[in-house]
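Number of protein chains: 2
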Amino acid sequence: MTPISQYGEFKLIEHITKAFPLFNPNTLKTIGDDAAVVKSEKDKVNVFSTDLLMEGVHFDLGYVPLKHLGYKAVTVNLSDIFAMNAVPYGITVGLAFSNRFPVEAIEELYEGVRAACSRYGVELLGGDTSSSRQGLVLAVTAYGSAPEEEIAYRNGAKANDLVCVTGDLGGAYAGFLVLEREKKTFLANPDLQPDLTFYDYVVGRQLKPESQPNILSKLREKGVKPTSMIDISDGLASELHHICGQSKCGVTIYADKLPIDYQTVSVAEEFNISPVTFALNGGEDYELLFTVDIGDFQKIKDIENVTIIGHITPDAGVLDIVLSPTQITPIEAQGFRHF
Amino acid sequence: MTPISQYGEFKLIEHITKAFPLFNPNTLKTIGDDAAVVKSEKDKVNVFSTDLLMEGVHFDLGYVPLKHLGYKAVTVNLSDIFAMNAVPYGITVGLAFSNRFPVEAIEELYEGVRAACSRYGVELLGGDTSSSRQGLVLAVTAYGSAPEEEIAYRNGAKANDLVCVTGDLGGAYAGFLVLEREKKTFLANPDLQPDLTFYDYVVGRQLKPESQPNILSKLREKGVKPTSMIDISDGLASELHHICGQSKCGVTIYADKLPIDYQTVSVAEEFNISPVTFALNGGEDYELLFTVDIGDFQKIKDIENVTIIGHITPDAGVLDIVLSPTQITPIEAQGFRHF
Numbered sequence: 003m004t005p006i007s008q009y010g011e012f013k014l015i016e017h018i019t020k021a022f023p024l025f026n027p028n029t030l031k032t033i034g035d036d037a038a039v040v041k042s043e044k045d046k047v048n049v050f051s052t053d054l055l056m057e058g059v060h061f062d063l064g065y066v067p068l069k070h071l072g073y074k075a076v077t078v079n080l081s082d083i084f085a086m087n088a089v090p091y092g093i094t095v096g097l098a099f100s101n102r103f104p105v106e107a108i109e110e111l112y113e114g115v116r117a118a119c120s121r122y123g124v125e126l127l128g129g130d131t132s133s134s135r136q137g138l139v140l141a142v143t144a145y146g147s148a149p150e151e152e153i154a155y156r157n158g159a160k161a162n163d164l165v166c167v168t169g170d171l172g173g174a175y176a177g178f179l180v181l182e183r184e185k186k187t188f189l190a191n192p193d194l195q196p197d198l199t200f201y202d203y204v205v206g207r208q209l210k211p212e213s214q215p216n217i218l219s220k221l222r223e224k225g226v227k228p229t230s231m232i233d234i235s236d237g238l239a240s241e242l243h244h245i246c247g248q249s250k251c252g253v254t255i256y257a258d259k260l261p262i263d264y265q266t267v268s269v270a271e272e273f274n275i276s277p278v279t280f281a282l283n284g285g286e287d288y289e290l291l292f293t294v295d296i297g298d299f300q301k302i303k304d305i306e307n308v309t310i311i312g313h314i315t316p317d318a319g320v321l322d323i324v325l326s327p328t329q330i331t332p333i334e335a336q337g338f339r340h341f
Numbered sequence: 003m004t005p006i007s008q009y010g011e012f013k014l015i016e017h018i019t020k021a022f023p024l025f026n027p028n029t030l031k032t033i034g035d036d037a038a039v040v041k042s043e044k045d046k047v048n049v050f051s052t053d054l055l056m057e058g059v060h061f062d063l064g065y066v067p068l069k070h071l072g073y074k075a076v077t078v079n080l081s082d083i084f085a086m087n088a089v090p091y092g093i094t095v096g097l098a099f100s101n102r103f104p105v106e107a108i109e110e111l112y113e114g115v116r117a118a119c120s121r122y123g124v125e126l127l128g129g130d131t132s133s134s135r136q137g138l139v140l141a142v143t144a145y146g147s148a149p150e151e152e153i154a155y156r157n158g159a160k161a162n163d164l165v166c167v168t169g170d171l172g173g174a175y176a177g178f179l180v181l182e183r184e185k186k187t188f189l190a191n192p193d194l195q196p197d198l199t200f201y202d203y204v205v206g207r208q209l210k211p212e213s214q215p216n217i218l219s220k221l222r223e224k225g226v227k228p229t230s231m232i233d234i235s236d237g238l239a240s241e242l243h244h245i246c247g248q249s250k251c252g253v254t255i256y257a258d259k260l261p262i263d264y265q266t267v268s269v270a271e272e273f274n275i276s277p278v279t280f281a282l283n284g285g286e287d288y289e290l291l292f293t294v295d296i297g298d299f300q301k302i303k304d305i306e307n308v309t310i311i312g313h314i315t316p317d318a319g320v321l322d323i324v325l326s327p328t329q330i331t332p333i334e335a336q337g338f339r340h341f
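Chains as they are written, first to last, in this note's numbering: chain A, 3 to 341; chain B, 3 to 341.
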């Protein structure tokens with residue numbers, strides 16, 4: 003293992019970033035100057051989003067591999083750009099870590115960053131590296147662009163719009179519960195190696211979330227513009243409250259329409275929690291929640307990985323979930339409380 | 003004092019950011035959606051820069067007021083944008099802090115952020131707020147733009163160019179030494195209140211650095227484009243190495259030309275260190291180091307707060323400082339080693 007002190011900050015950055023290819027001829031400068039330089043795209047608006055990932059709050063290095071952490075840090079951020087119906091261009095990465103980490107650990111983390119950059123075709127534009135007296139800190143800012151008329155805000159939903167989600171929900175939280183349980187088991191008896199074979203899907207959802215930009219492309223192809231959109235980071239319930247709050251409307255969704263993977267259901271049963279609760283309040287799915295005009299029903303009904311889960315109502319602040327034909331309950335926003 | 007838990011993340015952000023005015027009609031959306039949205043400027047390139055400020059590494063809350071910290075976090079970042087000869091447009095702020103902080107502390111920090119945003123006319127575009135199990139973390143990303151032909155990289159210096167700096171050097175480090183000394187005195191005897199009257203300038207340089215965009219405007223007015231530019235964050239010596247390394251040239255500077263404030267000189271004497279060492283290796287001055295074609299001498303010689311300290315030579319890798327007519331020494335890059 004190579005101590006960081008053998009490199010120093012500048013050489014470490016050079017060493018780590020030389021493996022990053024450039025994707026776009028508009029990128030004039032990335033690492034190695036005071037700032038990155040990118041040609042701006044004519045007739046487009048720029049979008050920006052920042053996320054922090056803090057050790058002990060957002061991740062536990064006890065079971066999160068560094069490569070996955072790097073990958074997730076990028077995806078989480080790009081998810082915000084996609085949620086504007088924009089196309090991400092590049093990211094900056096601020097990374098702080100203790101000097102107990104060897105160079106190889108940082109390489110592993112950046113392998114994950116690189117894999118995500120390649121997967122989504124975004125540039126590593128720049129960043130900052132610092133030591134940390136505390137835990138590992140990742141601060142990623144993503145930059146993207148879109149024609150102004152394509153931007154989807156949270157405030158455009160209107161009565162009768164269809165409410166849609168991509169992918170499936172609750173899996174990341176199921177994975178989190180499994181990983182926490184296995185960690186406890188392992189700490190109690192280090193000879194028991196965790197077997198996660200039966201949980202591969204939900205553990206993957208937690209450790210290595212993916213965004214679904216291909217669905218946005220399909221919507222564009224079909225001429226559908228979401229009337230509102232948000233990414234599902236804090237749980238469907240919390241995001242529905244954001245959409246309805248900003249759009250001054252209500253919503254009715256149907257529990258039996260919620261897309262939930264069978265593995266998520268099975269974990270929910272193990273933990274004696276309703277899978278619907280996982281889907282509503284689990285968080286970290288990084289799927290997209292969006293609304294479309296009801297006139298677009300024919301255009302979206304057959305898009306793979308898009309599920310219509312309900313509709314917007316004119317009743318501002320009234321958010322309901324239909325659990326059964328006779329049981330309708332208000333949707334409570336729990337979200338993720340850091341403090 | 004109001005505990006953060008009384009607000010929660012979303013309300014805290016709303017509470018803190020409502021005081022931020024918008025400066026630019028091109029800003030379509032800031033806080034409150036998945037990402038900020040800004041109209042891009044025609045025929046300009048975008049520039050991006052990220053900096054981390056970590057408690058215990060970059061600042062000591064023992065003597066750094068939160069308001070100053072917020073101000074400095076912004077300035078440090080804008081400094082990188084100015085160093086590209088670009089104009090900053092907006093910032094995103096990632097902030098993580100322990101829930102021991104009351105709301106009032108976060109308000110104070112954001113007052114500093116707001117003061118800096120107003121001072122430099124930049125928007126708070128967005129950000130992220132998280133709790134931290136560890137210390138306070140500030141991650142600021144700045145975004146700006148400029149016509150492509152005006153961007154000043156680090157690699158454009160050429161033989162005979164004049165080497166210039168803005169403002170004066172070494173003051174921030176002098177301030178740092180004074181603050182560290184007073185902290186020790188205070189910890190040893192809490193009844194002794196530190197008297198910083200005689201050190202106001204250097205303490206200000208450390209706690210509340212300012213950028214000098216007006217000098218860049220003057221250069222533009224006079225039709226002078228720096229052939230290379232960098233901001234002085236790690237100390238003049240380190241930055242000269244960056245310029246010469248990337249421009250494949252050498253440099254000769256003159257100790258008696260270095261702009262050093264009398265208070266910096268006086269602190270250097272107290273600590274028995276040469277003021278030239280402060281200027282070369284002190285760091286955190288956030289002044290600009292730039293080179294101009296020798297033909298521009300007449301245009302720049304009378305610009306206030308610009309000092310010509312030497313010239314570029316064709317001898318790649320040969321960096322010298324003339325201490326006296328008979329004493330010439332190589333410039334060693336110490337820089338700031340985090341690890």
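Don't read these hints as lab results, they were simulated from the structure.
Cβ coordinates follow ideal geometry from the N, Cα and C atoms, glycine included.
You may find that some hints are simply not true.
Claimed, not checked - Below, in silico cross-link-like pairs of lysine to any residue (SDA-like), each with a Cα-Cα straight-line distance of 20 Å or less:
id, chain 1, residue 1, chain 2, residue 2
1, A, Lys-44, B, Pro-149
2, A, Lys-44, B, Glu-43
3, A, Lys-41, B, Glu-152
4, B, Lys-41, A, Lys-220
5, A, Lys-224, A, Thr-309
6, B, Lys-224, B, Glu-151
7, A, Lys-227, B, Ile-296
8, B, Lys-44, A, Lys-185
9, A, Lys-220, A, Gly-319
10, B, Lys-44, A, Thr-309
11, B, Lys-44, A, Gly-58
12, A, Lys-185, A, Gly-58
Said to hold, decoys possible - To be clear about the criterion: a stretch of chain A counts as covered by chain B if any three or more of its residues have a C-beta under 8 Å from a C-beta of chain B, and this derived list gives those stretches:
id, region
13, 37-50
14, 85-91
15, 95-101
16, 128-142
17, 174-180
18, 320-326
As the list claims (entries may be wrong) - One-sided excerpt, in silico: chain B residues whose CB lies under 10 Å from chain A:
id, residue
19, Ala-21
20, Leu-24
21, Asn-28
22, Asp-36
23, Lys-44
24, Met-86
25, Ser-132
26, Asn-157
27, Pro-192
28, Ser-235
29, Thr-331
30, Glu-334
To see whether the hints hold, each was checked on the structure:
1. A:Lys-44 <-> B:Pro-149: With Cα atoms ~14 Å apart, Lys-44 (chain A) and Pro-149 (chain B) stay inside 20 Å; holds.
2. A:Lys-44 <-> B:Glu-43: 8 Å, holds
3. A:Lys-41 <-> B:Glu-152: 13 Å, holds
4. B:Lys-41 <-> A:Lys-220: Violated, at about 25 Å.
5. A:Lys-224 <-> A:Thr-309: 16 Å, holds
6. B:Lys-224 <-> B:Glu-151: At roughly 16 Å apart (the allowed maximum being 20 Å), Glu-151 (chain B) and Lys-224 (chain B) satisfy the hint.
7. A:Lys-227 <-> B:Ile-296: Measuring from Cα to Cα gives roughly 56 Å; hence the hint is violated.
8. B:Lys-44 <-> A:Lys-185: Measuring from Cα to Cα gives roughly 53 Å; hence the hint is violated.
9. A:Lys-220 <-> A:Gly-319: At roughly 31 Å apart (the allowed maximum being 20 Å), Gly-319 (chain A) and Lys-220 (chain A) break the hint.
10. B:Lys-44 <-> A:Thr-309: 39 Å, violated
11. B:Lys-44 <-> A:Gly-58: 44 Å, violated
12. A:Lys-185 <-> A:Gly-58: 14 Å, holds
13. 37-50: Our answer is that it holds, as 13 residues pass the Cβ test (under 8 Å) against chain B, meeting three.
14. 85-91: With 3 residues closer than 8 Å to chain B, the region 85-91 of chain A meets the three-residue bar; holds.
15. 95-101: Holds: 5 residues of the region 95-101 of chain A have a Cβ under 8 Å from chain B.
16. 128-142: Answer holds; 12 residues pass the 8 Å Cβ test.
17. 174-180: This one is violated; 0 residues, fewer than the three required, reach chain B with a Cβ under 8 Å.
18. 320-326: Result for this restraint: violated, n = 0.
19. Ala-21: 19 Å, violated
20. Leu-24: Because about 15 Å separates Leu-24 (chain B) from the closest Cβ in chain A, which is outside the 10 Å limit, the hint is violated.
21. Asn-28: 9 Å, holds
22. Asp-36: 4 Å, holds
23. Lys-44: 7 Å, holds
24. Met-86: Because about 5 Å separates Met-86 (chain B) from the closest Cβ in chain A, which is inside the 10 Å limit, the hint holds.
25. Ser-132: 5 Å, holds
26. Asn-157: At about 8 Å, which falls below the 10 Å cut-off, the nearest Cβ of chain A leaves the hint on Asn-157 (chain B) intact, so it holds.
27. Pro-192: Since chain A brings no Cβ nearer than about 24 Å to Pro-192 (chain B), farther than 10 Å, the hint is violated.
28. Ser-235: 9 Å, holds
29. Thr-331: At 22 Å from the nearest chain A Cβ, Thr-331 (chain B) fails the 10 Å test, so the hint is violated.
30. Glu-334: For Glu-334 (chain B), the interface hint is violated, since the closest Cβ of chain A sits about 14 Å away, which is over 10 Å.
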